[in-house]
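Each protein sequence line maps, in turn, to chains A and B.
Residue numbering for the first sequence follows my numbering, starting at 21 and increasing by one per position.
Residue numbering for the second sequence follows my numbering, starting at 548 and increasing by one per position.
Since the hints were derived computationally from the structure, they do not count as laboratory data.
Where is the CB? At the ideal position from N, CA and C, for every residue including glycine.
Hints may contain errors.
To be verified - Partner residues aside, some chain B positions facing chain A, computed with beta carbon under 10 Å:
(1) Ser627
(2) Val628
(3) Ser629
(4) Pro631
(5) Glu680
(6) Gly688
(7) Ala721
(8) Asn723
(9) Leu736
(10) Asp738
(11) Gly860
(12) Pro882
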Amino acid sequence: MAIEILMPALSPTMEEGTLAKWLVDEGAEVRSGDVIAEIETDKATMEVEALDDGTIGRLLVAAGTEGVKVNVPIAVLLEEGEAAGAVPAPAAAASGEAPVAGAAPAAEAAVAAPPVVAMAETVTAEPVATGAMAEITVREALRDAMAEEMRSDDRVFVMGEEVAEYQGAYKVTQGLLAEFGDRRVIDTPITEQGFAGLGVGAAFGDLRPVIEFMTFNFAMQAIDQIINSAAKTLYMSGGQMGCPIVFRGPNGAASRVAAQHSQCYASWYAHCPGLKVVSPWSAADAKGLLKAAIRDPNPVIFLENEVMYGQSFDVPTDDDWVVPIGRANIVREGSDVTITAFSIMVGRALEAADKLAEQGISAEVIDLRTIRPLDTETIVNSVKKTSRLITCEEGFPFAGVGSEIAMQVMEQAFDWLDAPVARVTGKDVPMPYAANLESMALPQIDDIVATALATCEGFRGA
Amino acid sequence: MAETVKATRKRKPGRPPKAAAGATAANDLPARDDLVAMYRDMLLIRRFEEKAGQLYGMGQIGGFCHLYIGQEAVVVGLQSVSKPGDTVVTSYRDHGHMLACGMDADGVMAELTGREGGYSRGKGGSMHMFSREKNFFGGHGIVGAQVPIGCGLAFSHKYRDEANVCLTYLGDGAVNQGQVYESFNMAALWDLPVLFVIENNQYGMGTAVTRAAAGRSLADRGAAYGIPGRQVDGMDVLAVRTAGAEALDHCRSGKGPYILEMKTYRYRGHSMSDPAKYRTREEVDAMRKQHDPIDQLRDVLHKQDVTDDTLKGIDADVKAIVLRATEFAQTSPEPDPSELFTDILLPVGGRTAAGEV
Numbered sequence: 021m022a023i024e025i026l027m028p029a030l031s032p033t034m035e036e037g038t039l040a041k042w043l044v045d046e047g048a049e050v051r052s053g054d055v056i057a058e059i060e061t062d063k064a065t066m067e068v069e070a071l072d073d074g075t076i077g078r079l080l081v082a083a084g085t086e087g088v089k090v091n092v093p094i095a096v097l098l099e100e101g102e103a104a105g106a107v108p109a110p111a112a113a114a115s116g117e118a119p120v121a122g123a124a125p126a127a128e129a130a131v132a133a134p135p136v137v138a139m140a141e142t143v144t145a146e147p148v149a150t151g152a153m154a155e156i157t158v159r160e161a162l163r164d165a166m167a168e169e170m171r172s173d174d175r176v177f178v179m180g181e182e183v184a185e186y187q188g189a190y191k192v193t194q195g196l197l198a199e200f201g202d203r204r205v206i207d208t209p210i211t212e213q214g215f216a217g218l219g220v221g222a223a224f225g226d227l228r229p230v231i232e233f234m235t236f237n238f239a240m241q242a243i244d245q246i247i248n249s250a251a252k253t254l255y256m257s258g259g260q261m262g263c264p265i266v267f268r269g270p271n272g273a274a275s276r277v278a279a280q281h282s283q284c285y286a287s288w289y290a291h292c293p294g295l296k297v298v299s300p301w302s303a304a305d306a307k308g309l310l311k312a313a314i315r316d317p318n319p320v321i322f323l324e325n326e327v328m329y330g331q332s333f334d335v336p337t338d339d340d341w342v343v344p345i346g347r348a349n350i351v352r353e354g355s356d357v358t359i360t361a362f363s364i365m366v367g368r369a370l371e372a373a374d375k376l377a378e379q380g381i382s383a384e385v386i387d388l389r390t391i392r393p394l395d396t397e398t399i400v401n402s403v404k405k406t407s408r409l410i411t412c413e414e415g416f417p418f419a420g421v422g423s424e425i426a427m428q429v430m431e432q433a434f435d436w437l438d439a440p441v442a443r444v445t446g447k448d449v450p451m452p453y454a455a456n457l458e459s460m461a462l463p464q465i466d467d468i469v470a471t472a473l474a475t476c477e478g479f480r481g482a
Numbered sequence: 548m549a550e551t552v553k554a555t556r557k558r559k560p561g562r563p564p565k566a567a568a569g570a571t572a573a574n575d576l577p578a579r580d581d582l583v584a585m586y587r588d589m590l591l592i593r594r595f596e597e598k599a600g601q602l603y604g605m606g607q608i609g610g611f612c613h614l615y616i617g618q619e620a621v622v623v624g625l626q627s628v629s630k631p632g633d634t635v636v637t638s639y640r641d642h643g644h645m646l647a648c649g650m651d652a653d654g655v656m657a658e659l660t661g662r663e664g665g666y667s668r669g670k671g672g673s674m675h676m677f678s679r680e681k682n683f684f685g686g687h688g689i690v691g692a693q694v695p696i697g698c699g700l701a702f703s704h705k706y707r708d709e710a711n712v713c714l715t716y717l718g719d720g721a722v723n724q725g726q727v728y729e730s731f732n733m734a735a736l737w738d739l740p741v742l743f744v745i746e747n748n749q750y751g752m753g754t755a756v757t758r759a760a761a762g763r764s765l766a767d768r769g770a771a772y773g774i775p776g777r778q779v780d781g782m783d784v785l786a787v788r789t790a791g792a793e794a795l796d797h798c799r800s801g802k803g804p805y806i807l808e809m810k811t812y813r814y815r816g817h818s819m820s821d822p823a824k825y826r827t828r829e830e831v832d833a834m835r836k837q838h839d840p841i842d843q844l845r846d847v848l849h850k851q852d853v854t855d856d857t858l859k860g861i862d863a864d865v866k867a868i869v870l871r872a873t874e875f876a877q878t879s880p881e882p883d884p885s886e887l888f889t890d891i892l893l894p895v896g897g898r899t900a901a902g903e904v
């Protein structure tokens, strides 16, 4: 059967071009791959190759013709044994819209879904501690979480800089090498992009990597693997390629280590669909959430805080203390103003609430625990009670976690607000080294108190 | 490093590859069935890619589309000596790898047209396709990013004490990415069973390899880490097969990674929108006429008394597969609008893509 050779599109945006030159005559024998014509676009001159073996039956568009639309037949190729007479008369060349096979994107507008996909699964209930409690540090809680998960699942391994023989740069992995050996507790070279990518490959290979970044500042070296490989591949594969991996390590400001070592990345990772982002405050949550993260079939960014590592909390001694990802926790009930915080800022928010109580203001403090998926339900319900909201975070203000919370509350609880949502954040500057400047750059208890007073001013008792 | 071939200092792009390592003596040819199978596999890739180019020209395939025409011998030769359970990962010039891994032409073509029947249900496109069933782990769009991922797959083989290798394909452009060397280091340090296959098709997009890569040869790029490497005539499927078998044995036996630099050539531009003005028509024609991998193997088959009828039969079979794939790719519906919001996160407590949580 005669084959029509169509004017090809040579780029995603090309709609028409000039048929500059024919390199074959009617009657010429061509093989697949032979160059038969040159066409010009505004960007380039390109060669057109024959896509089948055969004989050129007829040239339908003359050399030099401009404005030849994509998909218009430009020549007819005869297969073995066909006569030129079988060729139909040329259609009006360079005219009309060539039909493009494929359904029109009619359905596009019909998709109704929230702009932010809040929860991909039903979050299981908050665990209830049944047994005894033990006071341990956040550091020990994180280590215990990894050790317990490693005992119950051979696929779980820990990898990172100084995690094995050195026992962890911040001693979070202390004791793991002795118990699990160097097959499962692996010191890496200083090679963040490399071991982050290796971890992603191991997760594709059905292992359960826990990848420690010495701090999340260094994960910037690896962010392509975290976003492009870990977060997006499930979607790009139509659901085939889950990536069950945990990236964990200290995040945010430590103390006097200046700009390159003091940054909160919560809003960076929370921005991207395909990741879960967790940032606990208490030791109990650190343990329960890390266990949940290791069991989660998705990539989880687990943001710890160096300053918190040494702080002690009561932690349930239950073997299976798992805190579900995606649930905030009301750590102090109140009625006048809601304060959201995560990680180290929860402690500051609680101290601020004490000071506010002295001035007659009852603050409700919510520990977000998970940044994404964000538990907007808990926040919105609290705002419906208090009518005022302050968000706290160490990170920069611009496009921060507080910005997103303010937007969500505006969308879901606008009518309940009695004052504009206010943010308490790190200052919009790289972290300075000098002690006085660093202190000014970080959000302090007094900043939260002052913001709460301003928010409540004139509304109290109204 | 005895196995490293000392290449000449300056390589000219487009120069016919030397049949140095891996050349196969006539008396140890693979079995005739294997030869015929490789011929068929290469022809399928060739015809599939030609059709993909045609569909792109018709506007039925969008975005970026990188064709593998000319390089068929590399993946077909290597996959012909891989073992069940071996894993494969590559970059975005991936259609040939998928077909060579046994993935269904219908599903690949339908992904190219962005349809429900595609391997990624229309959500990945040309550069992002996967098949867990066939141990094909992509299809990655960021140059070099597949290399640490390949090391991770190799790590998982070693962790489970499997006698499998991850074949990690990268191009001559990718070899200048830092993460490739991070990967070489870890692979050598931990004796990971990974075969790095550098498909040196002479050009990283429009930049000749001589203008982008310092040093003697890409096969030497692992020398600092003690990774053996060799150059192979990547246009000769038999040379590829022989070198591949030896390299895979090395990796499989616990000796760690290995590098094969495949000297190959792509006939088409970098992508469909590349007019390839950085090289001459004569250079391309010389490669096609003198070094075409399919023509070369056809000559071998003729000498093995494979009849023209047999070859014509293969030709017809391959054409039929491509025709069917094209019809499927044109008639499979576009993804349902509800697909926009699926496959972002897996449910907790459900199934992972690989099995039970």
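Hint by hint, here is what the structure shows:
1. Ser627: violated (23 Å)
2. Val628: violated (21 Å)
3. Ser629: violated (16 Å)
4. Pro631: violated (15 Å)
5. Glu680: holds (9 Å)
6. Gly688: Status holds, d = 7 Å.
7. Ala721: violated (13 Å)
8. Asn723: Violated - the Cβ of Asn723(B) stays beyond 10 Å from chain A, reaching only about 14 Å at its closest.
9. Leu736: holds (7 Å)
10. Asp738: Given a least distance of 13 Å, the restraint on Asp738(B) is violated.
11. Gly860: violated (16 Å)
12. Pro882: holds (9 Å)
In this structure, the hints that do not hold are numbers 1, 2, 3, 4, 7, 8, 10 and 11, in rising order.
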